[in-house]
Amino acid sequence: MSKRVDFEQDEMMLMAIYAEKSREATIQTMQEAIEVLQDDPDVITAEQLIETIRSTIEKLLQIEDEYFYSLDLTSYLYEEDEADAY
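At position 45 of the sequence shown (counting the first as 1) the number is 45 in our numbering, and the numbers step up by one without a gap.
Take these hints with a grain of salt, some might be off.
Derived lysine to any residue pairs resembling SDA-like cross-links, with alpha carbons at most 20 Å apart [to be verified]:
id: 1; residue 1: 59; residue 2: 11
id: 2; residue 1: 59; residue 2: 27
id: 3; residue 1: 59; residue 2: 39
id: 4; residue 1: 3; residue 2: 60
Taking CB as the label site, the calculated pair distances span [to be verified]:
id: 5; residue 1: 36; residue 2: 74; range: 20 to 30 Å
id: 6; residue 1: 3; residue 2: 41; range: 32 to 42 Å
id: 7; residue 1: 75; residue 2: 22; range: 12 to 22 Å
id: 8; residue 1: 6; residue 2: 41; range: 29 to 39 Å
The hints are simulated quantities; they were obtained by calculation from the structure and are not laboratory data. Glycine is no exception: its CB is placed at the ideal position from the N, C-alpha and C atoms.
Full structure from sequences and hints, please.
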């Protein structure tokens with residue numbers, strides 16, 4: 001049984017954006033995103049995003065697949081768009 005890991009809202013949103021079919025594939029995609037972001041000319045924004053991605057990866061490594069599959073990530077994809085609709 002894995003220990004309890006609490007994800008921040010921005011980490012949940014990043015998982016939703018980079019979500020793949022498995023926890024391992026999601027981690028790999030997020031690591032690839034870090035590589036791309038390291039070349040971003042907007043260094044301040046990129047550094048903040050990279051740090052959040054790294055934090056999310058660290059937490060993903062602490063959980064089991066069952067917990068990953070139980071996360072409702074789709075609600076984090078539409079939250080901002082729904083707020084703009086009002």
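Each hint, compared with the structure:
{"no.": "1", "hint": "59 / 11", "in the structure": "holds, 9 Å"}
{"no.": "2", "hint": "59 / 27", "in the structure": "holds, 10 Å"}
{"no.": "3", "hint": "59 / 39", "in the structure": "violated, 24 Å"}
{"no.": "4", "hint": "3 / 60", "in the structure": "holds, 11 Å"}
{"no.": "5", "hint": "36 / 74: 20 to 30 Å", "in the structure": "holds, 24 Å"}
{"no.": "6", "hint": "3 / 41: 32 to 42 Å", "in the structure": "holds, 39 Å"}
{"no.": "7", "hint": "75 / 22: 12 to 22 Å", "in the structure": "holds, 20 Å"}
{"no.": "8", "hint": "6 / 41: 29 to 39 Å", "in the structure": "holds, 33 Å"}
This entry does not satisfy hint 3, going by the numbered hints stated previously; all others are met.
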